[in-house]
Structures are given as structure tokens and as C-alpha cells.
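Take 0 as the starting number for the sequence shown in numbering that gives the first Met the number 0 and just add one per residue.
These are computed hints drawn from the structure, not numbers from a lab.
Predicted, not measured: the structure shown is a model, and the values here were computed from it.
Check the hints yourself; a few may be wrong.
Listed next, with one range per pair, are the computed distances between beta-carbon atoms [said to hold, decoys possible]:
id: 1; residue 1: Gly184; residue 2: Pro27; range: 26 to 36 Å
id: 2; residue 1: Pro255; residue 2: Ala153; range: 49 to 59 Å
id: 3; residue 1: Glu163; residue 2: Gly105; range: 36 to 46 Å
id: 4; residue 1: Ser176; residue 2: Arg54; range: 19 to 29 Å
id: 5; residue 1: Ser176; residue 2: Ala153; range: 28 to 38 Å
id: 6; residue 1: Ala153; residue 2: Arg54; range: 34 to 44 Å
id: 7; residue 1: Gly80; residue 2: Gly175; range: 25 to 35 Å
id: 8; residue 1: Arg212; residue 2: Val246; range: 20 to 30 Å
id: 9; residue 1: Gly94; residue 2: Gly128; range: 37 to 47 Å
id: 10; residue 1: Glu243; residue 2: Leu74; range: 24 to 34 Å
id: 11; residue 1: Asp159; residue 2: Val246; range: 44 to 54 Å
id: 12; residue 1: Asp159; residue 2: Ile102; range: 16 to 26 Å
id: 13; residue 1: Val147; residue 2: Gln28; range: 17 to 27 Å
id: 14; residue 1: Phe185; residue 2: Ala153; range: 16 to 26 Å
Glycine included, each C-beta is placed from N, C-alpha and C at the ideal position.
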Amino acid sequence: MSKIALVTGATQGLGLALVEGLARRLSPQDTVYLTGRDLTRVNQAVEAMPGGGARVRGEILDVADPGAAARLAGLLRDRHGGVDIVYNNAVMRIGPGDDPREIVDGYVEVNNFGTTRVLRAFAPLLRDGGRLIVVASRLGSLRFLAPVLHHHFADLSSLDEVDEQVAAWRDAVKDGSARSGPWPGFVNIPSKIGQVAAVRALAKQRREEDAGRGILVAAVCPGMMNTPTSAEWWDVSDAPGPAEAAVAVLDLATEPVRGGQYGELVRYGGVQPWR
0 MSKIALVTGA
10 TQGLGLALVE
20 GLARRLSPQD
30 TVYLTGRDLT
40 RVNQAVEAMP
50 GGGARVRGEI
60 LDVADPGAAA
70 RLAGLLRDRH
80 GGVDIVYNNA
90 VMRIGPGDDP
100 REIVDGYVEV
110 NNFGTTRVLR
120 AFAPLLRDGG
130 RLIVVASRLG
140 SLRFLAPVLH
150 HHFADLSSLD
160 EVDEQVAAWR
170 DAVKDGSARS
180 GPWPGFVNIP
190 SKIGQVAAVR
200 ALAKQRREED
210 AGRGILVAAV
220 CPGMMNTPTS
230 AEWWDVSDAP
240 GPAEAAVAVL
250 DLATEPVRGG
260 QYGELVRYGG
270 VQPWR
């Protein structure tokens, strides 16, 4: 059976590199779906793909649209019967000059609710040996959050619970109470923790079944990358570009699963501590 892969947020940066890498690693009978929210950019990215390897096919997917992930999942189910590899990579980026209170609605809609929508939509479609991977960061560990806040994300059992906690934090950012309390000012930290918490909650529900079917559900940290967005925050002149950073991320989808990776945040193949 031919393999079906999908990458969200794939018109640039790491997402584009993941599509290119999957196309090289998979076979000509396989298909990689390059998705994004802008049709013109999706088409341009597909047309610019180098030849050889798996077929690359474009589809529109705006994860901020509450129904979009489910609609695309239904389309792929009808076309192929299931999926083998899904990378949730779509992200709304912020700059140092952005006011968290003004951007947090859109930020959470894409980065967090977009993540849980993709998990809900595509987890049921995973075939045996499948991979469902959320691109997060090392900031997605509880150690980057004040201990008094750990209970918000530590032991959640469902994606609905994750969404509830993320929404409560979002509302605290909007009304200013987060700024006067122990929440970090850098909204990327609670957001990434929420993404990893979502992976952990889904894994808690699916662990036994997935173990028997060889399925991996995990979050991944690609490491610091040399991109224009990162350069607004840090000196990334010596950091790898997206293509180099994608190598270890791609290994999660195409190499055998290592012990302990299921349901965890993985960085360069190793499991990052949650607590």
C-alpha cells in the first residue's frame, strides 16, 4: 500500500523542508500533501518542488478554521482510506514588539486549538506504523513554567481538558491578570507547553492500542533555526537552516521508534523531561 503523508504550515521554513525531505525519503508511489492557508502560496510551493521521490500534492488547510482539519481528514479518508505520517507544523509567529493582549486570540487559535483540531481529525486515520507528530519546542516542558502553575497542564486526560486550560490562560492574558501573576510574559512558553500537553493527553488515551499497531504519537523540538523570525529574538547566525534542522524531525517519521518516545517531547531523538 502506498504511503500518505501530510504537513501543515508547509509553504515555507521547516514545513517546506519537511515536505521536501519526505518526498526524498518516500517512494514514487507515495503522496505527500503540502498544506497551507493561502492557495497561491501552496501552488507555488508545490510547483517549486524538486522532481523525484514521492508525489507532492497541495491542499488548503487553515488550522484556525474550526472545521478545516476535519474536512481535509474526511477528504483523505475517502481518497486513500487512511494516512501514515502527519506533521502538525502550522504556527502563528510573533515579534518582540507585539502586544500579547492584542495577538493572543489569533495566536492560540492557530498554535493550540489548531494543534488539537489536527490531532482529533487525523489520529483516527492513522494506519499501522503511522506517525502523528506535533512540532513544538524545548520550551514545551513544565520546567519553563513556575511550579505554582504546573497543575494547569501536568496531568490532563483529554484534548478537551487541554483546550479548557489553554483558553483560561488566553483569557488571563487578554484581561491583564496573567501579567500581574506568575505566568511568563513570553506567550510562546505556555503555548508550547499546551501543545505538548495535548500530545500527552492523546497518547494517554491511545497508548495501549498504538503500541500494538506500531504507531508513534509525539511532539518534537527541531532546535534553534536560522530564520528571519528567530533572528528577531536571538542571534541565530550560527544556527542551522530549516533543511538541516528537518533531518532529525524527519527521522521520527521514517526511522524505527526508540524506547520511551511515545507521547513525549523528542529532541534529536532523545526524550526531553516533562517535569
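Now the hints, each set against the structure:
no. : hint                        : in the structure
1   : Gly184 - Pro27: 26 to 36 Å  : 49 Å, violated
2   : Pro255 - Ala153: 49 to 59 Å : 30 Å, violated
3   : Glu163 - Gly105: 36 to 46 Å : 19 Å, violated
4   : Ser176 - Arg54: 19 to 29 Å  : 50 Å, violated
5   : Ser176 - Ala153: 28 to 38 Å : 21 Å, violated
6   : Ala153 - Arg54: 34 to 44 Å  : 42 Å, holds
7   : Gly80 - Gly175: 25 to 35 Å  : 49 Å, violated
8   : Arg212 - Val246: 20 to 30 Å : 26 Å, holds
9   : Gly94 - Gly128: 37 to 47 Å  : 40 Å, holds
10  : Glu243 - Leu74: 24 to 34 Å  : 33 Å, holds
11  : Asp159 - Val246: 44 to 54 Å : 35 Å, violated
12  : Asp159 - Ile102: 16 to 26 Å : 25 Å, holds
13  : Val147 - Gln28: 17 to 27 Å  : 53 Å, violated
14  : Phe185 - Ala153: 16 to 26 Å : 20 Å, holds
Checked against the numbered hints given earlier, this structure breaks hints 1, 2, 3, 4, 5, 7, 11, 13; the rest are met.
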